[in-house]
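Trainee: Here is what each chain is made of, one letter per residue.
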Amino acid sequence: MDLAGKKVTLHDMCLRDGMHPKQHQITVDQMVTIARAMDEAGIPLIEVTHGDGLGGASVNYGFPAASDEQYLTAVCKEMKNTRVSALLLPGIGTVDHLKMAVDCGISTIRIATHCTEADVSEQHLTMAAKYNDLDTVGFLMMAHMVEAEELVTQLKMMEDFGANCVYITDSAGYMLPDHVTSRVALARAELRPETELGFHGHHNMAMGVANSLAAVEAGANRIDGSLAGLGAGAGNTPLEIFIAVCDRMGVETGVDLFKAMDVSEDLIVPMMDDMVRVDRDSLTLGYAGVYSSFLLFAKRSAKKYGLSSRDILVELGRRRTVGGQEDMIEDLALDMAKAQGEN
Amino acid sequence: MSKKVKAAIIGPGNIGTDLLVKAMRSEYIEPVWMVGVVPESPGLARAAELGLKTTADGVDGMLPTLQEDGVQICFDATSAYVHAENSRKVNQLGAVMIDLTPAAIGPFCVPTVNLAEAVSARAMNVNMVTCGGQATIPMVAAVSRVQAVDYGEIVATVSSKSAGPGTRKNIDEFTRTTASGIEKVGGAKSGKAIIIINPAEPPLIMRDTIHCLTIDEPDQEAITKSVHEMIAEVQKYVPGYLLKNGPVFDGKRVSIYMEVEGLGDFLPKYAGNLDIMTAAGLRTAEMYAEEMLAGRFVPTAA
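The listed protein sequences correspond, in order, to chains A and B.
The working numbering puts the first residue of the first sequence at 1, with every later residue one more than the last.
The working numbering puts the first residue of the second sequence at 344, with every later residue one more than the last.
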């Protein structure tokens, strides 16, 4: 694979996707400390919000240690070069949250929908595109669940609503490099040449780095990852590893590898409640094609109702659940516990 | 044959047609008009076959003969954007407006919770909140009538096929209006609503999760009883309103897991979200009609 001379924009997820394994309890001070260190390391873009995006604070997803507004205000004002993004899932957050986040000083808004439901983002993308200089991104989750043609139709819809960048998001960490290549390549061929294209991976099948390379080769120029892989499931593409690989392959990231490694080792890893890694349950997410943030919910319900978390995850995959259906997990566990009692 | 109150349905789409099928069975309501804007609309053709007067000129096409035709109740199944104008026009001619759009210019109405109140207030416009609101607010109210609810949150999951273009274009209306209904009608101090659209095939039946955080330790026995009683009330007009699991008690959290299957009148059974709207709208109209037929309420021009 020859990627020499290509340029990619790296986007760190620790302070948003990383909120999932932290049960949304990263403090404002921790966020500021980490964000400053990432700024120092030259990471161009970082995401900050509740794990489920703006307005995610809820019984269903968990209440965070601080509000989105507190996190964003504190982080944005400390950044010298690094820009800050916020995620918004229509159906959870609203345009009111979007306005608030812009007022806090974000440079990038990412509007996320399930891979077949891009039309629910019209209201939000249209409004975002009206702001001068607001980097407006459409983000299609669980992209493994549809074929490339359908996915590209949906990406184009987001492009039409005003997104200047669109993402193929492997929320379940299910994709293998070939899946990434076919989707990214078709998207690159069909989208307007000026529209940027991104890939967001999860490491559940340990494919984070390989998939991100496949994405770059097929035409993506933005790559999400997180230092030490702090993210839902087995985490996001481990960013310091991806940076090292890019350095070796001559891909320009603009990030200082050793500084990035230090942030990972000295700040992120010590903050983890449990080691974020590929284990039986997170591997099951990838294998069964399940939304990565279901992991801790399945573990908790399994414990409470005397079930196997792997069984719960496999069943969630079989039912083709989508991102945000965390409420389904306890309901399903109760059904499974009843069925177990009857046997 | 008992006397019925004559009604008009504005909007011959899926919702309007399903409402028509239900209204044809009503003991209190007689649908006489179907109003649309597209001449070749299949919904208008169906209504005409069933013997209704139809127009493709919008509400204006019906207004000249509204009083002559005895229309006292109108249902608006169009969109929030045109609702206010529709409502003003029919109210002026003395017809009550039942609003199935998310416009919410009139008071919210959830039949099992506050319908009697709305009817006794003689409101000339009542709003049916949202599909998610109709499916979940009765459960929030079932908890809040037992003890104070600090926070009510609902998650409505609907099949992709049952989420129409109106809902999709303006999904924020759903979350805002539902959250407001959770507070105003459900009785929670603060409310939050989440909607998830799932494209799985075959389409999933509408699922609703209701989480309440009570101020004091929940009285498990009283809440469980109240929830079961409320479900029985909703089942009177939506037989497929089913408790799947719960109430689950976890500290001060009370969680209720529901499934809403529709009657399958015109809309498919999985679209319980749409069915509960049309059923609630009709139930509301029937309560108004009972008052009108008993001579206790004579709607007058606004």
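No wet-lab data here; the hints were simulated from the structure.
Note that this is a predicted model, so its numbers are computed, not measured.
Watch out, some of these pointers could steer you wrong.
Claimed, not checked - The calculated SDA-like cross-link candidates involving lysine to any residue, where the alpha carbons are at most 20 Å apart (straight line), are: (1) B/Lys587 / A/Tyr305; (2) B/Lys512 / A/Lys80; (3) A/Lys338 / B/Glu602; (4) A/Lys99 / B/Lys512; (5) A/Lys80 / A/Gly42; (6) B/Lys587 / A/Lys99.
Stated by the list, open to error - Here are a few chain A residues that sit away from chain B, every Cβ distance over 12 Å (derived from the structure): (7) Glu69; (8) Cys104; (9) Leu191; (10) Arg319; (11) Asp331.
Glycine included, every Cβ here is placed at the ideal spot set by N, Cα and C.
Trainee: Hint by hint, note whether the structure agrees.
Mentor: A quick look at each hint next to the structure:
1. With a C-alpha separation of about 16 Å, the suggested pair B/Lys587 and A/Tyr305 falls inside the 20 Å cut-off, and the hint holds.
2. Between B/Lys512 and A/Lys80, the direct Cα distance comes to roughly 37 Å. Violation of the 20 Å bound is thereby established for this hinted pair.
3. Between the alpha carbons of A/Lys338 and B/Glu602 the distance comes to roughly 17 Å, so the proposed pair stays at or under 20 Å and holds.
4. Of the supplied pair hints, the one linking A/Lys99 and B/Lys512 holds, its CA atoms being roughly 18 Å apart against a limit of 20 Å.
5. Our distance criterion of 20 Å between C-alpha atoms is met by A/Lys80 and A/Gly42, whose separation comes to about 10 Å.
6. A threshold of 20 Å between alpha carbons decides the hint, and for B/Lys587 with A/Lys99 the separation of about 38 Å lies outside it, so the pair is violated.
7. The claim that A/Glu69 is not at the interface with chain B holds, since no C-beta of that chain comes within 12 Å of its own (minimum 16 Å).
8. With 12 Å as the threshold on Cβ separation, the claim that A/Cys104 sits away from chain B holds: the shortest Cβ distance comes to roughly 19 Å.
9. Listed as a non-interface residue, A/Leu191 keeps its Cβ farther than 12 Å from every Cβ of chain B; the least gap is roughly 22 Å.
10. For A/Arg319, the shortest C-beta to C-beta distance to chain B comes to about 7 Å, within the 12 Å cut-off, and the non-interface label is violated.
11. At roughly 4 Å, the least C-beta separation between A/Asp331 and chain B is not larger than 12 Å, which violates its mark as non-interface.
In this structure, the earlier hints numbered 2, 6, 10, 11 are contradicted, and the remaining ones agree with it.
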